[in-house]
Amino acid sequence: MRQARIVITALTLLVTSLSLPGCATARGGAQLAEAAPPAAKKKPEEVAVGRLDDPGYLFGKRPLAPAKSVRVKALAYTGCSPKAKSKRATRGAWGDVLTRDVKAVAVSPDLLDMGLDRGDLITIEGLGQFKVLDVMHSRHDKTIDIFYGDDACGAVQWGKRTLTITWQ
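Going letter by letter, the sequence shown gives residues -26 to -1, 1 to 142 in mature numbering (1 follows the signal peptide of the UniProt record, and there is no 0).
If you're looking for bench data, these hints aren't it; they were derived computationally from the structure. Wrong hints could be hidden among the right ones.
What follows is a list of derived Cβ distance ranges for each label pair [what the hints assert, rightly or not]: (1) G69 x T(-18): 53 to 61 angstroms; (2) G89 x V130: 13 to 21 angstroms; (3) I(-21) x G93: 53 to 61 angstroms; (4) P40 x T(-18): 58 to 66 angstroms; (5) H111 x L137: 18 to 26 angstroms.
Derived lysine to any residue pairs resembling SDA-like cross-links, with alpha carbons at most 20 angstroms apart [claimed, not checked]: (6) K116 x T97; (7) K77 x L101; (8) K77 x R113; (9) K116 x G66; (10) K47 x I98; (11) K105 x L72; (12) K116 x R92.
By construction, the Cβ of each residue, glycine as well, lies at the ideal position given by its N, Cα and C atoms.
Start from the sequences and build out the full structure, keeping to the hints where you can.
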């Protein structure tokens, strides 16, 4: 009796799955594929941004804003200090650990007001991409400070330059 109920339940599920649209099985799959209208290909101009067929809309990604670009004064700094006795790692103003292999910059507070934020990637003209991991003193305007790790000689050779930075 119990085995009969199991067989009846299995047959019911099989028949139900064959009658549901979109279920492709050995018996009903070919019939359903023939009966379904051909999928219309959308032209690029017909695809709507911000609808259910847009992955950016579905997963909460905002469309990219146009890149911002600013001409800034670029300085260099290191993590070593002649007075420091401890061997602990250098930290930025937000507490991020700065090591010699991290491509990090400190930015002046006015650049934060322009839309930069902690962890943003900026592109420095001629140098590549750097991550914003530190903040400079408020006396600086339109200034970035490139982190040179322990290379004090390289930081001194860098000096003071005027460059363009770009970010999203």
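Verification of the supplied hints:
As the Cβ distance of G69 to T(-18) is approximately 60 angstroms, the hint placing it in 53 to 61 angstroms holds. Between G89 and V130, the C-beta spacing of about 31 angstroms breaks the proposed range 13 to 21 angstroms. I(-21) and G93 have their C-beta atoms about 57 angstroms apart, which keeps the hinted 53 to 61 angstroms range intact. Checked against the hint of 58 to 66 angstroms, the C-beta distance between P40 and T(-18) comes to roughly 60 angstroms, which is consistent with it.
In this structure, H111 and L137 meet the distance hint of 18 to 26 angstroms, their C-beta atoms being roughly 20 angstroms apart. At most 20 angstroms may separate the alpha-carbon atoms for a hinted pair to count; K116 and T97 meet this at roughly 15 angstroms. At most 20 angstroms may separate the alpha-carbon atoms for a hinted pair to count; K77 and L101 meet this at roughly 10 angstroms. Note on K77 and R113: the hinted pairing is violated, with a Cα-Cα distance of about 24 angstroms set against a maximum of 20 angstroms.
Distance hint between K116 and G66 is fulfilled; the C-alpha atoms sit about 19 angstroms from each other, no more than 20 angstroms. The suggested pairing of K47 with I98 holds, with an alpha-carbon distance near 11 angstroms, which does not exceed 20 angstroms. In summary, the hint linking K105 to L72 is supported, as the alpha carbons are separated by about 11 angstroms, within the 20 angstroms threshold. The straight-line distance between the Cα atoms of K116 and R92 is roughly 16 angstroms, inside the 20 angstroms bound, and the hint therefore holds.
This entry does not satisfy hints 2, 8, going by the numbered hints stated previously.
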